[in-house]
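Novice: One letter stands for each residue in the lines below.
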Amino acid sequence: MNKEPVQEEEIPLEQLVVFRLGEENYAVSINSVQEIIPLGSITRVPRTPPYVKGIINLRGKIIPVIDLKKGLLYPGEAAGSGTKQRIIVVEEQGTAMGLIVDAVQQIVWLPQSHFEPAPALDEKIAGELISGIGRLDDGNVMLLDMENFFCTLEKDNIA
Amino acid sequence: MERQIFSQDEVNIFFDEFEEKIDLMGQRLLVLEKRGSDPELIDDIFRAAHTIKGSSGMMGFSQMARLTHEMENIFDKLRQGELVVTPSLMDELFLCLDMLKKLEQEIRAGEEEQDVSALIDSLSLLCGDTDTIFIRGEENEEDFWQLTEEEEILFNNKEMQGENIYGIEVLLDEDCMMKSIRTLILMETLIPFGSMLRTSPARNDLDQGVESEIVKIVYLSPEPWAKIEELINTVPETTSCILKELKKPTDKALKLKAKEQSWEANGRQTEVGTLRVDIRKLDALINLVGELVINRTRLTVLNTALSSRYEKDSDIGILQEISERLARITTELHEEIMKTRMLPVAQLFHRFPRIVRDLSQKCGKEIELVLEGEETELDRTVIETIQDPLMHLIRNGVDHGIEFPEERIQAGKSSAGRIFLKAKHQDNQIIIQVEDDGRGINVDKVKEAAIEKGLLPEERVRLMEEQEALDLIFLPGFSTSRDISDISGRGVGMDVVRKNIEQVNGTVQIATSLGKGTIFTIRLPLTLAVISSLLINNGGDVYAIPLVQIRETLMVKKENIKTVQGRETIIVRGEELPLVRLRDLFNEDSSSDDETLYAVVVNLPTGAAGVIVDEFLGEQEIVVKSLGKYLGKIPGYSGASILGDGRVILILDVKGLMDS
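Residue numbers (the working numbering), protein chains in the order written: chain A, 18 to 176; chain B, 14 to 673.
Simulated from the structure, these hints should not be mistaken for lab results. Don't be surprised by glycine CBs; every beta carbon is placed ideally from N, CA and C. Honestly, I wouldn't trust all of these hints.
Chain A stretches covered by chain B per the calculated footprint, using a threshold of three residues with CB under 8 Å from any CB of chain B [to be verified]: (1) 54-67; (2) 71-84.
Selected chain B positions facing chain A (Cβ under 8 Å, derived; list incomplete) [to be verified]: (3) E304; (4) L305; (5) D554; (6) F599; (7) K638; (8) S639; (9) G641.
Only pairs whose alpha carbons sit at most 25 Å apart, straight line, appear in this in silico DSS-like list of lysine-lysine [what the hints assert, rightly or not]: (10) A/K78 to B/K352; (11) A/K78 to B/K458; (12) B/K646 to A/K78; (13) A/K78 to B/K638; (14) B/K512 to B/K466; (15) B/K375 to B/K294.
Turn these sequences into a full structure, and let the hints guide you.
Specialist: Structure below.
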């Protein structure tokens with residue numbers, strides 16, 4: 018496991034999982050991530066919003082799987098496919114959920130100062146769900162706000 | 014005051030024990046109220062109060078400790094006979110329990126806030142003034158046979174044991190020489206067989222030499238009439254004797270006594286040899302057993318395949334034997350584990366008599382709650398889920414169902430109304446009924462209210478039959494009370510009642526008779542986790558439909574389907590059966606050229622309907638898995654399951670699919 022890198026001053030660092038959706042990089046705090054699994058067969062659930070891909074069996078527990086690109090972040094754009102696709106299983110307040118991503122890139126330590134609040138973004142991307150934009154060697158990375166994400170889902174599914 | 018800091022675990026243990034003891038005290042107090050006295054009961058309550066006093070003192074909950082200390086005092090005095098059970102004492106004790114519960118909630122939220130001093134004062138008042146209880150009124154000749162309050166109380170004590178109060182009036186012989194001696198002899202004869210509550214002349218007077226030709230005795234005894242007569246006849250020089258029954262136990266009292274004794278016996282039995290287990294540990298066990306069940310099925314399937322392939326191999330026979338044994342053990346293990354989560358509904362039912370007592374007093378009605386089938390066992394989660402619905406139904410019965418005493422008498426009924434709470438096993442279900450002998454539900458009023466609130470179009474409501482109309486009560490936003498009574502709440506209840514019950518795969522129905530009463534019948538499946546289902550294929554996907562929802566399966570010929578106003582129906586055994594295609598329910602393309610279609614006929618509150626699917630795959634027992642917080646709220650699915658081959662399938666709730 019990664020050991021926390023030593024810094025001269027006490028700067029709070031965040032450990033993030035960076036993944037790819039289409040052409041862009043996203044990240045989510047490692048605190049929210051339970052595990053990362055390969056894409057297997059997903060049972061579809063009729064009459065759910067289009068971003069709900071279906072349900073899977075995670076060691077005896079049923080969890081919903083969301084196509085991150087669809088609906089929430091890239092309204093209108095279809096989900097890609099590929100051998101690098103993974104499901105990131107996130108957990109918030111005891112509830113688990115799977116997020117389909119195109120590829121998982123790396124796990125990094127980034128100080129909070131690396132992130133700026135998200136400016137007015139493309140309409141493509143649901144702004145409230147991005148809590149900041151950071152800089153990585155190979156480009157920008159958008160930090161997903163997991164709590165907000167779960168809240169939005171709750172609103173949609175109660176309807 | 015320094016308070017020791019306790020760990021969350023220790024605090025939880027305190028609360029667990031506290032709640033258990035409070036429940037126990039509440040139940041015992043109710044029985045004590047009826048019986049008036051019972052050394053064992055009083056002892057139980059004393060010990061419970063003592064325990065709480067000790068632990069709350071240690072935890073630093075001073076208000077709780079003070080109150081339970083006073084209660085312990087009272088029960089000690091009751092034990093010693095220094096105090097007698099009276100209605101006012103019982104009321105105070107119930108108030109104490111309420112206060113203790115309030116304190117518990119305050120502690121959970123942070124700090125004790127209530128001040129128990131006022132309550133303690135009224136308790137001491139009841140405690141110290143023992144003399145007041147025994148004040149005797151002036152005796153009047155004609156009123157000799159009028160029982161005093163404490164005589165009534167003593168009778169109530171003994172009523173449960175089948176004792177009577179007799180009025181004995183003996184006329185001594187005119188020429189009896191020593192009347193006082195004769196009287197004493199009469200009394201001595203009676204003493205071994207009962208207690209003399211009051212005599213004329215009084216015993217003290219007799220010792221002083223006062224005598225009278227007429228001796229009157231108020232006598233409490235379990236002996237039958239004949240025995241008393243016999244006893245009196247053994248006393249010589251008695252001319253005549255008038256014997257009358259002043260009070261005798263009612264049949265109801267005798268039955269109640271028998272029931273209470275048996276319940277007590279059971280209660281004591283289950284107290285021995287129990288263990289507190291964190292429910293999460295049980296849940297983990299159940300999950301694992303669920304996995305075992307799935308793999309058992311897979312093993313059986315594999316077995317069959319291998320047996321036919323290698324039938325000549327001797328090892329196959331051994332494999333088969335082992336698989337069968339494993340399957341049997343798994344089934345038993347599953348049953349036993351499920352049983353650990355089963356609890357008798359008694360613990361749920363026993364909260365209600367107190368509530369009915371308080372509610373009926375509050376609204377000025379006389380209502381008795383009768384419990385039946387309390388030993389019936391239910392899964393623990395089911396008990397938790399139906400607690401609120403039952404509470405609501407019972408409150409409804411008190412508030413709307415039972416009439417006021419005057420109204421009842423006018424209608425030729427007894428002034429006291431009855432609410433029955435019954436539980437029993439039937440087929441593979443648990444049936445719980447809440448029945449009242451009140452005014453029943455006026456179906457026309459229900460229809461009017463539904464129309465007035467615009468819940469459904471008027472013509473449709475008017476055409477409804479009684480059963481369908483009664484179902485309107487379960488629609489959200491329904492309430493027939495013009496005013497919102499604070500007993501039942503705002504009429505938000507009934508739809509939530511149904512929802513809660515459906516959450517555990519149960520159903521609820523109403524039957525009513527105007528003027529006679531109403532019955533709510535709740536049906537619950539025996540086990541939550543494993544259900545028998547029919548697997549079906551639709552569009553290449555497999556779904557499961559719980560067998561309890563299914564009436565039958567049919568093969569339908571396309572040519573026999575009639576379409577009227579866009580709805581498809583078919584005639585089955587002379588009756589019209591509406592059809593609906595599963596693909597339509599899924600908002601998918603449902604056109605098909607098939608000559609033969611397969612329909613699953615399901616039971617709905619409004620009748621039956623046939624759901625057209627692509628293929629029947631057979632019956633299977635499946636383990637029900639929750640869909641989780643998000644998908645679980647979507648109507649139409651009651652869960653998911655994992656098949657033997659690892660595939661995940663959805664369990665359909667046809668009613669939910671059709672409702673939305």
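Novice: Honestly, which of those hints from before does the structure not fit?
Specialist: 4, 11 and 15
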